[in-house]
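Participant: These are the residues of each chain, in order.
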Amino acid sequence: MIADFCVKMGANASQLEKEIGTDQFPINEHYFGLVNFGNTCYCNSVLQALYFCRPFRERVLHYKQQQKNQKKESLLTCLGDLFYSIATQKKKVGTIAPKKFIQRLRKENEVFDNYMQQDAHEFLNYLLNTIADLLQADKQGTKPKNGPVDPNHQCNGKPEPTWVHDIFQGTLTNETRCLNCETVSSKDEDFLDLSVDVEQNTSITHCLREFSNTETLCSEHKYYCEVCCSKQEAQKRMRVKKLPQILALHLKRFKYMEQLNRYTKLSYRVVFPLELRLFNTSDDAYNPDRMYDLIAVVVHCGSGPNRGHYISIVKSHGFWLLFDDDIVDKIDASAIEDFYGLTSDLQKNSESGYILFYQSRE
Amino acid sequence: MAAQSEGGGRDEVKTQFVTREGTYKLMPLSEYSRPNRVAYNGQVNTPVKTSFINLNDQSGIGDKICFNHGRELYVYTYKGIRKSICNYDYQGTQDMAADLTKPIDKRVYKGTFPTCHDFNMFTASGEGVLLLVGFTMGQVQLIDPIRKDGAKLYNEERLVDKSKVTCIKWIPGSPNQFLVAHQSGQMYVYKDELPCGTTTPHYQVFKPGDGFSVHTCKTKSTRNPLYRWIVGEGAINAFAFSPCAKYLAVVGQDGYLRVFNYDSMELVGTMKSYFGGLLCVCWSPDGKYIVTGGEDDLVTVWSFIDHRVVCRGRGHKSWVNDVAFDPHTSSTEHDSFDFSGSDEDFMQHVAKSNHSILRETLRDSLRSSASKGSNRNSTDSRSIQNNLISYRFGSVGQDTYLCLWDLTEDILRQPIGRNRSGTHMSQNASSNAINPHANKANSVGSAYLTTNSLPNTPLMDGNIHPSATTNLTQKFATLTLGDRKDKETHHDKKEHKRNFSLAGRSVDKVGLLKANHVRPVDESVKLLGTPACPRLDEVPLLEPLVCKKVAHERLTSVGFREECLVTACQEGCVYTWARPGKVAMPQHTSALPRASAGGTVV
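Sequence lines, in order, name chains H and L. For what it's worth, the numbering used here labels the leading residue of the first sequence as 1, then goes sequentially. For what it's worth, the numbering used here labels the leading residue of the second sequence as 1, then goes sequentially.
Honestly, the hints are just simulated from the structure, not real lab data. Beta carbons are placed, not taken as given, at the ideal position from N, Cα and C, and that holds for glycine. Check the hints yourself; a few may be wrong.
Unchecked claim - Partial list, computed: chain L residues near chain H (C-beta under 8 Å):
id, residue
1, PRO208
2, GLY209
3, ASP297
4, VAL525
5, GLU562
Claimed, not checked - Keeping only pairs whose Cα atoms sit at most 25 Å apart, straight-line, the calculated BS3-like set for lysine-lysine is:
id, chain 1, residue 1, chain 2, residue 2
6, H, LYS242, L, LYS526
7, L, LYS162, H, LYS330
8, H, LYS107, H, LYS64
9, L, LYS162, L, LYS110
10, L, LYS526, H, LYS315
11, L, LYS549, H, LYS348
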């Protein structure tokens with residue numbers, strides 16, 4: 001079985017090189033599948049998507065170069081080693097075992113310390129936050145010796161932003177209008193990704209607009225109004241104030257069904273365009289017209305969160321690749337529609353987009 | 001299983017809807033679909049499209065419909081609303097079932113599937129009709145579904161183009177030539193009697209252009225294709241010839257609408273979607289406007305004369321698959337909607353095909369209005385009769401919704417960017433959007449608007465208007481807030497003549513010129529804020545007059561006919577919606593079905 005797999009891998013790798021064409025193959029680019037260590041596809045799919053987020057990859061490789069051998073092992077050094085290993089391969093295509101990274105991940109967080117299928121979005125969240133924490137800790141640690149690492153970011157009350165924030169962080173503005181005194185109060189919240197509800201036969205554009213729709217806070221959800229000094233009915237809406245460089249959109253396809261006492265998958269067909277602008281920006285948004293390009297999609301295949309499989313499709317140098325653990329295939333852009341989901345409400349088992357990565361064009 | 005009602009059941013599929021002219025009703029017995037509606041193996045995902053033709057045969061019902069579904073292609077006699085009128089006297093369902101199992105022609109394909117088709121209306125007769133069919137693997141077939149002989153295949157060896165055919169049309173004015181657009185981003189002109197050759201064609205540049213080029217086939221003997229057009233980047237999704245047949249509008253995956261002078265092969269206008277690919281395109285009956293729909297969930301109206309986006313429409317929850325103008329529900333300056341006053345020639349064209357409406361009659365008026373120069377504003381007495389001031393169009397989307405839109409004089413007259421600064425809008429937005437009286441269901445966007453929904457508003461005089469008598473007051477219900485300024489002047493006929501300001505036009509040209517000289521990657525970003533792609537708050541944002549879920553599956557096609565509107569969905573069902581007053585109540589107890597419907601039979 002494993003032998004079969006290796007043969008297939010070999011054939012697949014050379015096939016991919018042939019398909020792209022030796023003269024067409026992008027210089028300094030490597031397409032390496034990642035070996036599955038027992039239900040680690042949630043991890044592999046996210047790592048591939050992040051590797052092809054160019055700003056993220058560059059910062060990770062830069063970090064790796066800066067560190068050399070000074071640092072003690074962390075999830076970030078393991079990620080740096082993995083990315084470096086891919087980026088410095090002699091061959092253009094092949095497979096790599098992200099063994100050290102997985103070991104480190106299992107060691108650091110008990111949630112991932114098993115052979116169960118995990119949620120790719122939870123993992124993405126965990127990874128980005130862990131890296132941000134490590135970078136912040138690094139800054140704190142190095143400051144007394146070397147002065148500010150990044151002079152662009154001075155302290156402004158909250159923890160200094162790191163390059164993870166520079167890449168992924170956007171700001172939501174949460175406007176609440178008290179229905180009694182009509183006072184509008186707004187509060188900003190930062191986000192690294194947006195989780196949006198999905199509906200059947202809609203677009204990601206529609207899901208984002210729904211996300212920002214006005215909702216009324218009433219009965220037990222009443223809002224404490226500072227002007228009225230009491231709980232009041234209010235209207236609330238959340239819109240994007242600062243648009244991130246990379247917009248990560250999480251489609252909430254796993255829904256807890258009380259009748260069933262478990263999560264079920266919403267395989268709804270939610271289309272996502274290759275080009276995107278946001279409709280749900282706030283009036284004071286800095287760059288509301290930002291144009292985004294789709295660069296990667298983490299796809300969930302199967303019928304539930306703890307069953308099934310994750311793969312990712314990424315855009316690299318103008319063409320699309322499908323990473324399925326150790327297998328890499330070139331796909332046509334028109335094949336992306338296979339990952340929108342299903343129009344039949346009866347079927348739960350689907351290969352459908354789960355996390356979308358859009359990169360700003362400017 | 002209990003969970004499965006989640007999400008699906010909230011919106012009921014509608015079987016009728018109301019506009020100001022009355023109630024449109026689904027004709028349940030006029031449904032065309034594959035005879036055995038079995039769950040289709042989802043391998044083939046080609047959109048279901050419809051083509052119509054009127055053959056002057058002896059039967060009295062000369063209308064034929066062609067539609068594709070998966071690997072199959074059907075041609076039926078299309079009885080439209082007459083179908084049910086006749087049947088109420090008998091057992092309607094039985095007759096219908098018999099009808100569906102007896103198509104005029106049915107073809108099942110292997111390995112390659114039909115994607116689009118077009119009847120040749122220039123050569124059609126009771127004895128035969130030429131039907132072009134494009135396929136997923138790039139081939140083109142020419143068949144006669146009546147005679148069923150002499151089928152021809154083009155691009156059989158796939159030497160011309162291997163990619164999917166996305167749009168196919170006979171070229172108006174050239175009865176033997178047709179244009180085939182492919183997913184590869186190329187279009188080819190074929191002549192029906194020419195061979196395709198046994199070798200891959202070699203091309204030479206015939207006409208280079210900005211964002212496009214036209215090539216001819218480099219051979220000793222004339223062969224197909226006659227011309228190759230390369231347009232934009234990525235797939236060409238659809239194209240449409242102007243009613244005057246002179247211009248060609250092409251939309252593609254790169255999000256551009258490009259309008260060419262077809263004969264001179266010159267690019268005469270460009271528009272960019274707000275984002276994403278453009279999927280469909282349609283000309284207004286008078287050729288003055290083009291409406292597109294696309295992956296930004298919007299419909300966008302572009303003025304051919306002013307070369308600018310006039311307005312956008314937001315109503316769909318997903319991508320817009322098809323758009324079509326309704327030539328029968330557009331109002332002229334004199335509001336002489338009743339077309340019976342027009343000449344007979346005109347009526348014949350109406351009957352022939354809903355896509356070729358007004359072709360001849362409006363050619364003159366278009367020329368006078370479209371020709372650049374001083375006579376542009378001089379609307380002569382001949383064309384004034386057809387000087388449309390209000391337009392109706394429909395759109396269908398992947399959200400399974402049908403939307404109807406009214407494009408009124410007030411919208412059309414707005415100069416670009418006028419008083420639509422961001423702050424102006426945002427002030428209104430913040431005061432309106434979080435409004436204690438706002439309906440929770442209102443989107444943020446619709447909060448900008450005065451959202452009177454017409455269907456629930458009883459007509460002012462209590463009468464059902466069988467056709468579109470223009471009621472300006474009601475029309476305002478769908479306009480955006482910026483249009484209020486013009487309310488006071490809309491009755492002023494003199495004002496109307498200044499419809500298209502010269503100033504707006506010259507500004508636009510500068511914008512286009514600039515855009516054409518920059519790299520394509522940056523181009524679409526730089527176009528933002530120009531007349532080719534205004535910012536969201538720079539042009540009016542329309543709300544649909546009607547926005548109804550009318551199918552379980554994605555809608556793929558919409559078209560307007562004299563007595564009905566026709567929609568098709570991915571499942572392969574073609575629905576006929578009778579216009580108000582065009583059909584008796586669909587009940588067997590209906591007193592005099594024939595009498596009430598008698599007037600509609602042509």
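Participant: Run every hint past the structure and note whether it holds.
Facilitator: Structure-based check of all given hints:
1. PRO208: 23 Å, violated
2. GLY209: 23 Å, violated
3. ASP297: 5 Å, holds
4. VAL525: 5 Å, holds
5. GLU562: 31 Å, violated
6. H:LYS242 to L:LYS526: Status holds; Cα separation ~20 Å.
7. L:LYS162 to H:LYS330: 18 Å, holds
8. H:LYS107 to H:LYS64: Between LYS107 of chain H and LYS64 of chain H the Cα gap is close to 21 Å, so the pair holds against 25 Å.
9. L:LYS162 to L:LYS110: Holds, because 16 Å separates the two Cα atoms, which is no more than 25 Å.
10. L:LYS526 to H:LYS315: Holds: LYS526 of chain L and LYS315 of chain H sit about 23 Å apart, inside 25 Å.
11. L:LYS549 to H:LYS348: Holds, at about 23 Å.
When the structure is compared with the earlier hints, violations turn up for hints 1, 2, 5 and for no others.
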